[in-house]
Amino acid sequence: MRDVAIIGIGQTSVDEHWGTGIRHLMLDAGLSALQDANVDTIDAVYVGNMLSGEIAGQSHLGALAVDFMGLEGVEAYKVEAACASGAAALRTGYIAVASGMMDLVLALGVEKMTDTSGRETTAALAAAADAEYEVSQGISFVALNALLMRRYMHEYGWKREDFANFAVTAHANGANNPNAMFQRPITAEAYARAPVIASPIGLLDASPVCDGAAAVILAPVEYARTLSPAPVKILASAVGMAPLAVHDRKDPLALEAAITSSQKAYKQAGLTPQDLDFFELHDAFTIMATLSLEAAGFAERGKGVQMALDGEITLQGRVPIATMGGLKARGHPVGATGIYQIVESVLQLRGLAGPNQIPGARLGMVQNIGGSGATIITHILEAMGS
Amino acid sequence: MDPKVVNDWRLRGQRYRLEGEVCDHCGESIFPPRDICPECKEPAKTPHTLSGRGEVYTFSTIYSAPEGFEAYTPYTVALIKLEEGPIVTAQLTDVAPTDVAIGMPVEMVTRRLRTHGDEGTIVYGYKFRPLHLGQAAD
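Chains A and B, in that order, are what the protein sequence lines are.
End of the first sequence = 411 in this note's numbering, gap-free, step of one.
End of the second sequence = 140 in this note's numbering, gap-free, step of one.
Next comes chain A alone, as it looks inside the complex:
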């Protein structure tokens, strides 16, 4: 097995890209990553995406990506794991390079969610859950998270307002990210006033529907320094799995797959949570941020919300999260999100995160969650320095 590094990154802004289709989103992100890595050939392309078939009527994204990027003859295919598709594409590339089968891999995440009505998008997203025993009952993806949030509040005695700082922090950080969907801060009062989508979840608990693409180039660590002035090493890549449906999990609030995935990643990297400079977690909903902090070992069970109340999750806090806005403010183009998280972490580790730079950031953990927690993929990244 070879060590693997990230030598190039690219991203489009996250937005409602009415004028840009899925192929040009892939093209923009993919070509900027190739340019950033200063390479013009590649051995394979793995595309993380969830909804292209349902929304754009376009499957077979691997072939489309290499065709329109001018990468004739390069092998390519799509990797799908619901909202964890991006991290799954990265991990597929990681395995390919680590094994020695490939030297240079482009891992790309893309999602185009706005080419249909909100209700159709809601229905398409629900397909990440159990179609026969969850979705058939009229459940939405928001509602699945609402069920978890209600139970969490019941078991640990938190109020809805206690979750506000997850959204407030994400928006504060998004305000300094030129690629974020939302670049305006919000207040705790605005959070409290937001309309309810599925009680107790309100509009400002939830990440938005949006479009975007992000990409990274992977290479063996042994060549990385000759190719890139500031490569970032992948210290760990780990997957945890739990039953598909929330109702089939023994302990729905435990986020079991995140516990497994994080523990495996710490072991691979030889690190503990205290060693990390930041944690790019999957804040699709405020409750997911809470449960992720607990599952990854940053807070005790039932205490994740306290970290938000105490300001420990801000850029200056003990465990900075959503450093460029997170899913809440940067946006959550589902299959692309896992790669956006990596791109932003690489910016932190290169020291290029602008006003949101965490001083001296050297180690970061990134976690991408598929569905309501059935597939959870964790990567730990380390700056290799220049």
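Do not rely on the hints blindly, as some may be mistaken.
Distance condition first, Cα-Cα at most 20 Å in a straight line; then the derived SDA-like pairs of lysine to any residue [to be verified]:
1) B/K83 x B/L133
2) A/K275 x B/E85
3) A/K275 x B/L133
Just so you know, these hints were derived from the structure itself, not from any lab.
Using the hints, position chain B against chain A.
Chain B in isolation, oriented as in the chain A frame:
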């Protein structure tokens, strides 16, 4: 014909009667059927119909619904912990959202889940209502 028709027909035993399985090795009650016991991992194919009684483990009232369910908003979905052990996801019925509470005893009833347009099929299945309502009606 809506392509979901065959799927809905195939699930009739689960949707109308909560037909699950019981593990002959460890006695675990299983719903929906998965033929392998999630507890002891042994084959578990013995049919077993659940009582349909349980309590609300958690719930959410949906104001923004997925396509196909818009006409029913607001409606309340819940995780129901059945007395045999399994948890099912289902809508609550015959109860105002403000009257729902965690721990509330409920029982299964058969109700319309959705329709597939004016000329499509009507899908029926389980929902749950407060237990005392059923007792009063009987």
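Each hint tested on the structure:
Using a Cα cut-off of 20 Å, the hinted pair B/K83 and B/L133 holds, with the two alpha carbons roughly 13 Å apart. Of the supplied pair hints, the one linking A/K275 and B/E85 holds, its CA atoms being roughly 15 Å apart against a limit of 20 Å. In summary, the hint linking A/K275 to B/L133 is not supported, as the alpha carbons are separated by about 25 Å, beyond the 20 Å threshold.
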